[in-house]
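Undergrad: Chain by chain, the residues run as shown.
Protein chains: 2
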Amino acid sequence: MKAAIFEGKGKVAVKEVPDPEIRKAHEAIVRVTHSAICGSDLWFYRGLSPQGERIGHEFMGIVEAVGDEVKDIKVGDFVIAPFVISDGTCPECKAGETRFCRHGMFFGTNGYDAGQSEKVKLPFADGTLVVVPGGKDLGDDKLRALLPLTDVLSTGHHAAIDAHVGPGTTVAVIGDGAVGLCAVAASKRLGAPRIFLVSTHQDRANLGTQFGATDIINARGDEAVKQIKTATGDLGVDSALECVGTPDAWETAFGAVRIGGNIGFVGVPHDVADIPVSKLFGSNVGLKGSGASARHHIPELMKDVLDGKLDVSGIFTETIPLSEIAKGYADMDERRDIKVLIKP
Amino acid sequence: MKAAIFEGKGKVAVKEVPDPEIRKAHEAIVRVTHSAICGSDLWFYRGLSPQGERIGHEFMGIVEAVGDEVKDIKVGDFVIAPFVISDGTCPECKAGETRFCRHGMFFGTNGYDAGQSEKVKLPFADGTLVVVPGGKDLGDDKLRALLPLTDVLSTGHHAAIDAHVGPGTTVAVIGDGAVGLCAVAASKRLGAPRIFLVSTHQDRANLGTQFGATDIINARGDEAVKQIKTATGDLGVDSALECVGTPDAWETAFGAVRIGGNIGFVGVPHDVADIPVSKLFGSNVGLKGSGASARHHIPELMKDVLDGKLDVSGIFTETIPLSEIAKGYADMDERRDIKVLIKP
Numbered sequence: 056m057k058a059a060i061f062e063g064k065g066k067v068a069v070k071e072v073p074d075p076e077i078r079k080a081h082e083a084i085v086r087v088t089h090s091a092i093c094g095s096d097l098w099f100y101r102g103l104s105p106q107g108e109r110i111g112h113e114f115m116g117i118v119e120a121v122g123d124e125v126k127d128i129k130v131g132d133f134v135i136a137p138f139v140i141s142d143g144t145c146p147e148c149k150a151g152e153t154r155f156c157r158h159g160m161f162f163g164t165n166g167y168d169a170g171q172s173e174k175v176k177l178p179f180a181d182g183t184l185v186v187v188p189g190g191k192d193l194g195d196d197k198l199r200a201l202l203p204l205t206d207v208l209s210t211g212h213h214a215a216i217d218a219h220v221g222p223g224t225t226v227a228v229i230g231d232g233a234v235g236l237c238a239v240a241a242s243k244r245l246g247a248p249r250i251f252l253v254s255t256h257q258d259r260a261n262l263g264t265q266f267g268a269t270d271i272i273n274a275r276g277d278e279a280v281k282q283i284k285t286a287t288g289d290l291g292v293d294s295a296l297e298c299v300g301t302p303d304a305w306e307t308a309f310g311a312v313r314i315g316g317n318i319g320f321v322g323v324p325h326d327v328a329d330i331p332v333s334k335l336f337g338s339n340v341g342l343k344g345s346g347a348s349a350r351h352h353i354p355e356l357m358k359d360v361l362d363g364k365l366d367v368s369g370i371f372t373e374t375i376p377l378s379e380i381a382k383g384y385a386d387m388d389e390r391r392d393i394k395v396l397i398k399p
Numbered sequence: 056m057k058a059a060i061f062e063g064k065g066k067v068a069v070k071e072v073p074d075p076e077i078r079k080a081h082e083a084i085v086r087v088t089h090s091a092i093c094g095s096d097l098w099f100y101r102g103l104s105p106q107g108e109r110i111g112h113e114f115m116g117i118v119e120a121v122g123d124e125v126k127d128i129k130v131g132d133f134v135i136a137p138f139v140i141s142d143g144t145c146p147e148c149k150a151g152e153t154r155f156c157r158h159g160m161f162f163g164t165n166g167y168d169a170g171q172s173e174k175v176k177l178p179f180a181d182g183t184l185v186v187v188p189g190g191k192d193l194g195d196d197k198l199r200a201l202l203p204l205t206d207v208l209s210t211g212h213h214a215a216i217d218a219h220v221g222p223g224t225t226v227a228v229i230g231d232g233a234v235g236l237c238a239v240a241a242s243k244r245l246g247a248p249r250i251f252l253v254s255t256h257q258d259r260a261n262l263g264t265q266f267g268a269t270d271i272i273n274a275r276g277d278e279a280v281k282q283i284k285t286a287t288g289d290l291g292v293d294s295a296l297e298c299v300g301t302p303d304a305w306e307t308a309f310g311a312v313r314i315g316g317n318i319g320f321v322g323v324p325h326d327v328a329d330i331p332v333s334k335l336f337g338s339n340v341g342l343k344g345s346g347a348s349a350r351h352h353i354p355e356l357m358k359d360v361l362d363g364k365l366d367v368s369g370i371f372t373e374t375i376p377l378s379e380i381a382k383g384y385a386d387m388d389e390r391r392d393i394k395v396l397i398k399p
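Just so you know, the protein sequences line up as chains A and B, in that order.
Counting along the first sequence from 1, when you hit position 34 you're at 89 in the numbering used here, and nothing is skipped either side.
Counting along the second sequence from 1, when you hit position 193 you're at 248 in the numbering used here, and nothing is skipped either side.
A hint or two may mislead.
Since the list gives no way to pick one copy over another, a pair counts as held whenever it fits inside one copy or between any two copies.
[Said to hold, decoys possible] Think about it this way: if two alpha-carbon atoms lie no more than 30 angstroms apart in a straight line, the pair counts; the simulated DSS-like pairs of lysine-lysine are:
#1 149 - 243
#2 358 - 284
#3 281 - 66
#4 284 - 197
#5 281 - 149
#6 64 - 149
#7 197 - 281
#8 191 - 64
#9 382 - 334
#10 66 - 284
#11 364 - 57
#12 149 - 358
#13 334 - 64
#14 70 - 334
#15 149 - 284
#16 64 - 197
No wet-lab data here; the hints were simulated from the structure.
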């Protein structure tokens with residue numbers, strides 16, 4: 056089969072790799088129908104993070120084979136894969152923290168396939184995959200709306216949950232990438248009546264507005280903070296959603312959140328300074344974040360996607376075949392696209 | 056009138072000071088019926104924190120005079136004073152964060168009296184004081200149960216709120232001082248079915264059990280963490296309440312809380328190391344804490360005290376007249392008493 060291979064900084068190619076075969080009783084093989092390039096893939100593409108050869112962690116598809124112990128997933132099922140593999144049985148999985156599964160692993164490691172590929176073999180099929188009722192017959196528009204559940208929509212939702220967004224909460228989303236835009240949609244879904252999106256890109260701001268942002272802050276840093284403070288009666292927002300991971304974004308989040316508010320952070324932190332406890336004690340600002348436990352969040356969010364209440368498929372600004380993946384990476388790297396969808 | 060005066064490390068005396076007089080229209084004068092010594096008073100008593108001459112921030116009493124602008128507080132009212140003065144009108148006060156009032160101040164500063172005193176003049180009477188319905192006629196047992204609202208019970212509640220304690224939450228309370236014991240009672244009140252109290256003192260552990268602790272962890276540090284982990288199926292607790300403020304207590308809190316759980320911290324931090332963002336991102340542990348907005352919490356908690364559902368008066372292990380305050384400080388400093396109540 057064909058799979059995307061990371062060959063070094065700025066180089067992604069499609070090559071022939073061995074077809075996967077079931078070797079362990081908890082494994083499954085999925086024939087990929089939809090996959091995507093993630094903003095976090097750009098970190099290694101740009102030479103900033105290490106990465107193995109096989110890449111991609113956002114995909115959906117049709118189950119082609121399962122091991123003998125797999126009970127909940129059946130051949131022919133249409134499934135969504137969260138971006139981290141989880142066994143579904145350890146204490147953390149049972150607590151809903153599947154991102155931190157004791158036997159968890161990333162796609163493309165331990166001899167398993169990654170998502171930018173024709174097929175993916177994965178372990179712990181029952182613990183990891185989520186079956187989509189009526190999946191393959193839903194039509195491509197609905198399937199495109201489901202694909203963000205694999206990572207970015209679950210991650211945006213996680214930011215909102217960790218920042219305790221709910222009915223009545225005012226929200227500021229820092230970051231207008233796919234995750235930030237999904238965080239806007241997730242905040243709206245959770246009942247936030249006022250959602251600021253910090254965005255200096257008109258196309259992203261437009262999507263943000265479509266997803267539920269009530270106020271676009273077309274500024275950065277101190278100026279963005281000033282505008283948010285002014286618009287909230289000199290108070291700040293209840294919840295700031297940090298969806299970038301840079302020191303600047305963190306500073307904006309701390310500037311925008313009110314005394315006693317909450318910061319939810321999901322941008323993988325890069326060079327963010329340690330937090331003095333006195334800074335928190337002196338503001339009663341709550342801090343919580345991590346990679347999302349997508350496997351835990353998907354069933355709840357999927358229901359709303361299937362019901363037509365949640366659709367962030369607008370983040371996919373380009374659709375390409377797997378063979379053109381190099382172009383997809385270049386387009387995302389140079390911000391010509393927000394997010395690229397791949398149809399193997 | 057008489058007031059306690061801090062004369063230097065280990066020295067507290069009662070001296071004659073000028074009677075207070077109303078000078079500003081938002082002021083009130085309260086004749087103190089009950090006050091208390093706070094664990095945080097020991098920091099300056101031990102020479103670890105600076106402090107002015109006048110001391111005490113936990114008191115209740117009868118209103119003796121009010122300025123012309125005071126509307127909600129009337130002469131003769133029995134009132135509870137939270138440990139921080141707040142105007143009740145700034146954006147933070149309106150958001151319920153009265154601890155961070157823009158015009159807030161501590162008792163004993165800016166020419167105002169402190170609580171270990173016969174009378175207290177304070178500013179922003181309407182924003183600060185809470186009237187107790189039927190106050191002076193409630194009887195001393197009830198009044199003793201109300202006094203902890205001024206600080207320690209509100210602070211224990213704040214720890215539980217910041218750690219998101221609610222029905223079904225498993226809780227570990229780190230610290231068996233008055234605040235920790237109140238945090239146990241607050242967690243029980245909020246619906247926590249299982250509450251671990253880390254305590255190596257039998258008398259405090261007994262009070263903790265009386266207040267709702269289901270498990271006493273008679274150990275410290277790693278051993279305490281190990282026992283909590285074992286008792287929670289190798290997971291840890293949903294909420295850890297840090298009620299001390301030392302590096303050891305913080306380490307126990309981080310050790311006891313589960314992946315994805317929450318730490319609420321109310322111990323004034325002393326020498327606690329900065330928190331790496333990666334430590335939080337790698338665990339999805341939430342962190343939130345500060346001094347309590349007692350003024351905001353008191354009405355809700357007071358209702359349960361008046362209804363007889365909440366009584367932590369057992370923390371007062373000694374009652375003394377103001378004239379014997381030096382003995383009260385010494386007894387608390389040497390841990391002969393958990394908390395000392397003063398009747399001027």
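Undergrad: I want to check one pair: residue 149 and residue 284. Are their C-alpha atoms no more than 30 angstroms apart within a copy, between two copies, both, or neither?
TA: between (40 angstroms within a copy, 15 angstroms between copies)
Undergrad: Have a look at residue 191 and residue 64 and pick one of within, between, both or neither, based on CA distance no larger than 30 angstroms.
TA: neither (36 angstroms within a copy, 76 angstroms between copies)
Undergrad: Checking an output row: residue 64 and residue 197, CA cutoff 30 angstroms. Within, between, both or neither?
TA: neither (34 angstroms within a copy, 71 angstroms between copies)
Undergrad: Using 30 angstroms as the alpha carbon limit, work out where residue 149 and residue 358 are close: within a copy, between copies, both or neither.
TA: within (21 angstroms within a copy, 37 angstroms between copies)
Undergrad: Are the CA atoms of residue 358 and residue 284 at most 30 angstroms apart within a copy, between copies, both, or neither?
TA: neither (36 angstroms within a copy, 35 angstroms between copies)
Undergrad: Up to 30 angstroms between alpha-carbons, please classify residue 70 paired with residue 334: within, between, both or neither.
TA: Neither way: residue 70 and residue 334 sit 50 angstroms apart in one copy and 38 angstroms across, limit 30 angstroms.
Undergrad: Under a CA distance limit of 30 angstroms, which applies to residue 284 and residue 197: within one copy, between copies, both, or neither?
TA: neither (38 angstroms within a copy, 44 angstroms between copies)
Undergrad: When Cα atoms must be at most 30 angstroms apart, do residue 382 and residue 334 count as within-copy, between-copy, both, or neither?
TA: neither (44 angstroms within a copy, 36 angstroms between copies)
Undergrad: Is it within a copy, between copies, both, or neither that the alpha carbon of residue 64 lies no farther than 30 angstroms from that of residue 149?
TA: Neither: 38 angstroms inside a chain and 52 angstroms across chains, both beyond 30 angstroms.
Undergrad: Classify it for me, residue 281 with residue 66: is the Cα-Cα distance of at most 30 angstroms met within a copy, between copies, both or neither?
TA: Neither: 41 angstroms inside a copy, 48 angstroms across copies.
Undergrad: Could you figure out if residue 364 and residue 57 sit no more than 30 angstroms apart (CA to CA) within one copy, between two copies, both or neither?
TA: Answer is neither: 35 angstroms inside a copy and 67 angstroms across each miss the 30 angstroms cutoff.
Undergrad: Is the C-alpha distance from residue 281 to residue 149 at most 30 angstroms within one copy, between copies, in both cases, or in neither?
TA: between (42 angstroms within a copy, 20 angstroms between copies)
Of the numbered hints given earlier, the model fails hints 2, 3, 4, 6, 7, 8, 9, 10, 11, 14 and 16; all others are met.
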